[in-house]
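Enquirer: Next come the chains, spelled out residue by residue.
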Amino acid sequence: MRSLLEVDSVSKYFEGLKALDDVSFAMGMGEILGLIGPNGAGKTTLFNLITGTYPVTSGSIRYKGRDLSGFGPSKIAAMGIGRTFQIVRPFSGLTVIENVLVALGASHYPSFFASLSRFRTKAYLSEASEFLRRVGLMSYAEQKAENLPLGLKKRLEIARALALHPELVLLDEPAGGLRHEEMDQLIGLIRELNREGVAVLVIEHNMPVVMELCERIVVLDHGSKIAEGPPEDIRENPHVIDAYLGREEDA
Amino acid sequence: MPLQGKVIGMLAQQIVNGITIGSIYALIALGLTIVYGVLKILHIAHAGVYAMGAYLGLWAYRFIPNLFLAMIVAMALSGVSGIVIERFLYKSMLDKSRIVPLIASIGLFIAMEEAFRIISGPYVKAFPVHFRQKPWIFGSVRISAPQMLVFGVTIALLVLLWWVISKTRMGKALRAVSMDREMADALGVATERIISLSFFISSALAGAAGVLVGVFYNSVYPTMGDIPAYKALAIIVLGGMGSIPGTILGAFLVGISETFLIGFVNIPLPRDALAFIVMIAVLMFRPYGLLGKE
Amino acid sequence: MTVSITIGIYVILAISLNIITGYAGQISLGHAAFFGIGAYASGMLATRLGAPFFICLPFAIVVTGIVGAILGIPCLRVREDFLAITTMGINFVVQAVFLYVPFFGGALGISNIPLPSLNGVEMTKSVYLVMVVLFVLIAIVIDGWLTRSWTGLALASIREDETAAEMSGVNLTRFKVIAFVLGSAMAGLAGGLYAHFMSFISAQDFGFPESIVILSMVVFGGIGTLRGPIIGAIILGVAPEFFRPILDYRTLLYGAMLVVLMRFQPQGLLGIDSFIIRNVKRLWKKETVVNEISA
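The listed protein sequences derive, respectively, from chains A, B and C. Number 189 in this note's numbering belongs to position 189 of the first sequence; there are no gaps in the numbering. Number 218 in this note's numbering belongs to position 218 of the second sequence; there are no gaps in the numbering. Number 167 in this note's numbering belongs to position 167 of the third sequence; there are no gaps in the numbering.
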């Protein structure tokens with residue numbers, strides 16, 4: 001199985017502050033990998049490095065064998081890596097379906113002439129509606145994104161990420177702020193994606209969700225990887241327990 | 001006098017002049033930076049408060065023969081007007097797009113200038129103050145009484161400001177709100193009152209600057225806020241928006257550069273565009289301003 | 001007649017600024033600089049090299065577009081609040097260049113810019129008006145196409161949330177430059193039309209107050225819409241005529257208007273979800289319901 005994503009000895013320093021230190025792991029195609037760790041462990045930073053928002057200080061990140069360094073976030077998104085945010089960032093003033101359409105246009109934007117064409121065609125609208133249907137937002141299509149409750153905004157972000165036709169989706173705390181039924185729906189959705197061959201890298205603090213969903217888990221603490229393995233192993237791992245309990249003692 | 005002595009003397013005089021101008025810029029720009037730090041708004045109407053301070057000082061001086069007392073009255077009234085602006089205008093715009101308070105501020109500034117013109121007349125009014133103090137002379141450097149006034153008041157106000165910001169609880173709260181308003185709120189800081197306080201301080205400083213300028217140049221006129229309006233903006237950007245020391249540094253940098261430009265160099269550039277040119281130059285090396293962060 | 005032509009020019013200016021500030025969400029407080037660059041480019045080509053109008057105008061458009069791209073680059077890297085001041089600074093610097101560099105005529109400006117002529121016959125004012133209206137229509141068509149294209153959608157996404165836009169495949173730099181080039185080129189067009197109509201231009205016409213006038217037209221009508229800038233330009237362009245009797249209070253009212261507008265109706269008179277638009281929609285719904293019942 002060729003690796004879809006390879007994080008190879010990646011370190012990141014911000015003005016002398018160490019955010020990540022020599023982190024390495026790999027993801028296979030269609031895998032669900034969990035990324036956990038106490039607050040400040042560097043999880044979101046890692047996401048930002050993968051999506052190209054920040055450059056790595058050292059090490060490399062490879063996607064489908066290709067080194068991602070030097071590529072900007074928009075290029076990486078177009079390459080097939082989708083992402084959601086810890087604090088939702090919908091396009092508030094646009095309608096729900098327009099939110100999805102923005103991502104659908106990713107293949108058009110690099111070309112001057114392709115960008116000239118109309119986006120509100122039947123073909124594109126139905127393609128976008130399809131993504132809305134999958135996350136259960138069809139009936140909200142023409143509503144302004146800002147009017148949606150939090151749970152639906154989160155689903156919209158997922159639909160938007162899916163419109164990139166990604167092979168890898170980065171979910172940053174998708175369960176945060178969700179009610180119980182919404183959480184079940186979320187898990188179901190992620191499983192469904194996975195069946196279609198989309199790999200999912202998920203940051204999550206909600207342990208039951210992580211344990212249920214992920215085939216493997218990577219644990220970060222203070223910027224370093226302290227454990228990697230299937231959920232059962234991680235649950236028992238003394239270093240992991242230390243990291244979380246240690247944090248509680250500090251607090 | 002030998003040539004070097006003369007040149008040094010000229011240099012020194014220009015520096016003194018530059019510091020004078022820089023002091024005034026600092027007083028104006030500080031208010032702008034404090035408001036920005038706390039509300040992230042570009043308070044262009046600040047220049048209107050500055051001009052209003054000059055008018056208020058002039059008016060107060062008619063009844064109060066003491067210039068310092070008149071200045072305090074002007075500062076107090078300016079400060080109050082700052083709070084009024086914040087409460088009635090900006091408060092309701094905090095959740096809107098940035099352009100809303102910006103245009104409101106510009107509109108207010110325009111209206112204020114026109115109000116001054118209509119009420120007080122378009123002509124330049126004199127602000128005659130008789131200084132008993134004789135100028136200090138060190139070699140070929142001459143510091144006039146008005147200059148001493150500017151230095152004195154600026155130093156006093158800056159020290160006062162420094163003391164309030166670093167040594168009082170209010171000052172700490174102010175810094176907290178500037179850094180992260182939501183966090184400050186969550187920690188129980190009376191954010192609304194701190195915001196009003198910031199406006200009071202900023203506007204009082206602007207009022208003081210207005211009086212000083214009115215006295216120093218012996219003129220008060222409706223459009224006197226025009227040039228400080230945009231210059232102060234250039235200064236807070238080049239100093240680092242929201243940074244008080246950066247703003248002070250930037251103000252003196254611009255003040256001294258301007259004085260040198262007029263005094264020594266003969267580039268056919270308008271003195272007023274200089275502030276922006278300096279700003280652009282600084283931004284090229286330090287994109288967040290001299291002492292800006294993030 | 002003069003008023004109509006001036007309003008037409010303002011409509012084009014307002015639409016052009018709306019592309020940068022309304023669609024792409026990049027605050028520009030220095031748009032008059034592009035207006036001026038277009039005017040000077042066209043005027044100088046006509047007076048210095050004697051080129052005919054229909055060469056001068058495209059020249060003005062191209063030159064302004066190029067300068068727009070160049071000036072757009074520092075604006076790209078700069079954060080939102082910095083952007084306002086940077087564009088303001090650009091306005092001042094450009095104006096200073098026009099005023100102090102002798103090549104541009106200095107304080108005297110450029111004079112004797114001719115009206116366009118064919119075969120030696122000078123265009124009359126009425127024909128000029130028709131031409132201006134034509135260009136207004138072209139601007140409207142371009143704007144309409146823009147909002148319906150993927151480019152327009154990309155600009156809107158940048159306005160709403162830059163980070164999310166990037167994550168959705170939108171290259172920020174590329175599209176911000178596109179917005180700047182388009183907006184400035186169109187302003188250059190307006191500048192050329194202005195120069196040949198006024199026959200005399202000087203740096204005074206293109207300063208910061210002028211930029212604010214253009215911006216307030218966009219905001220008054222409704223930023224981010226197509227109808228907004230058009231209505232704003234028309235109303236604010238015509239208004240000074242109606243306020244002649246109280247000439248002395250005109251500017252005061254203008255300032256007060258901006259304050260009141262931003263306080264109570266920041267989306268503009270005909271902006272999205274404005275008071276007027278909402279009531280028009282409500283009346284419309286009532287009408288259609290009534291029609292359906294009586295049908």
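Some hints here could point you the wrong way.
Said to hold, decoys possible - When the alpha-carbon atoms are kept at most 25 angstroms apart in a straight line, the in silico DSS-like pairs for lysine-lysine are as follows: (1) A:144 to C:286; (2) B:172 to B:40; (3) B:40 to B:96; (4) B:6 to B:40; (5) A:144 to C:281; (6) B:40 to B:167; (7) B:96 to C:281; (8) A:144 to A:122; (9) B:134 to B:6; (10) B:96 to A:153; (11) A:144 to C:125; (12) A:144 to B:172; (13) A:64 to A:75; (14) B:91 to B:172.
Said to hold, decoys possible - Anything over 10 angstroms on all C-beta distances counts as not near chain A; from chain C, calculated: (15) 100; (16) 134; (17) 153; (18) 170.
What the hints assert, rightly or not - Here are the simulated distance ranges between beta carbons: (19) C:102 to B:62: 46 to 52 angstroms; (20) C:247 to B:9: 51 to 57 angstroms; (21) B:63 to C:102: 33 to 39 angstroms; (22) A:117 to C:77: 47 to 53 angstroms.
Bear in mind the hints are in silico, worked out from the structure with no lab data behind them. As the structure is a prediction and not an experimental result, all values here were calculated from the model. C-beta atoms are modelled at their ideal positions from N, C-alpha and C, and glycine is treated no differently.
Enquirer: All the hints need checking, so say for each whether the structure fits it.
Expert: Do the hints match the structure? See the list:
For the given pair, residue 144 of chain A sits about 23 angstroms from residue 286 of chain C by alpha-carbon distance, which is consistent with the 25 angstroms threshold. Between the alpha carbons of residue 172 of chain B and residue 40 of chain B the distance comes to roughly 18 angstroms, so the proposed pair stays at or under 25 angstroms and holds. Our distance criterion of 25 angstroms between C-alpha atoms is met by residue 40 of chain B and residue 96 of chain B, whose separation comes to about 12 angstroms. The suggested pairing of residue 6 of chain B with residue 40 of chain B is violated, with an alpha-carbon distance near 47 angstroms, which exceeds 25 angstroms.
For the hint pairing residue 144 of chain A with residue 281 of chain C, the CA-to-CA distance comes to about 17 angstroms; that is within 25 angstroms, so the pair holds. For the hint linking residue 40 of chain B to residue 167 of chain B, the alpha-carbon distance of about 24 angstroms falls within 25 angstroms, and the restraint holds. For the proposed pair residue 96 of chain B and residue 281 of chain C, the alpha carbon gap of about 23 angstroms is at most 25 angstroms, so the pair holds. For the suggested pair residue 144 of chain A and residue 122 of chain A, the alpha carbons sit about 20 angstroms apart, so the restraint of at most 25 angstroms is met.
Simply put, residue 134 of chain B and residue 6 of chain B have alpha-carbon atoms about 23 angstroms apart, close enough for the 25 angstroms limit, and the pair holds. Pair hint residue 96 of chain B plus residue 153 of chain A holds up; C-alpha atoms about 20 angstroms apart against a cutoff of 25 angstroms. Between the alpha carbons of residue 144 of chain A and residue 125 of chain C the distance comes to roughly 46 angstroms, so the proposed pair goes past 25 angstroms and is violated. Distance check on the hinted pair: residue 144 of chain A and residue 172 of chain B sit about 40 angstroms apart at the alpha-carbon level, beyond 25 angstroms; violated.
Between residue 64 of chain A and residue 75 of chain A, the direct Cα distance comes to roughly 14 angstroms. Compliance with the 25 angstroms bound is thereby established for this hinted pair. Using a Cα cut-off of 25 angstroms, the hinted pair residue 91 of chain B and residue 172 of chain B holds, with the two alpha carbons roughly 22 angstroms apart. Residue 100 of chain C, annotated as away from the interface, keeps every beta carbon of chain A farther than 10 angstroms; the closest lies near 38 angstroms. For residue 134 of chain C, the requirement that its beta carbon stay farther than 10 angstroms from each beta carbon of chain A is met, with the minimum near 22 angstroms.
Its beta-carbon lying about 5 angstroms from the closest one in chain A, residue 153 of chain C breaks the requirement of being farther than 10 angstroms from that chain. Look at residue 170 of chain C: its CB is around 6 angstroms from the nearest CB on chain A, not clear of 10 angstroms, so calling it non-interface is violated. At roughly 48 angstroms, the beta-carbon separation of residue 102 of chain C and residue 62 of chain B lies within the given 46 to 52 angstroms, and the hint holds. Between residue 247 of chain C and residue 9 of chain B the beta carbons are some 52 angstroms apart, a value that agrees with the proposed interval 51 to 57 angstroms.
Evaluation of the 33 to 39 angstroms hint for residue 63 of chain B and residue 102 of chain C yields a failure: the beta carbon distance comes to about 52 angstroms. Separated by about 30 angstroms at the C-beta atoms, residue 117 of chain A and residue 77 of chain C break the suggested range of 47 to 53 angstroms.
Going down the numbered hints, you'll see the structure goes against 4, 11, 12, 17, 18, 21 and 22, while the others check out.
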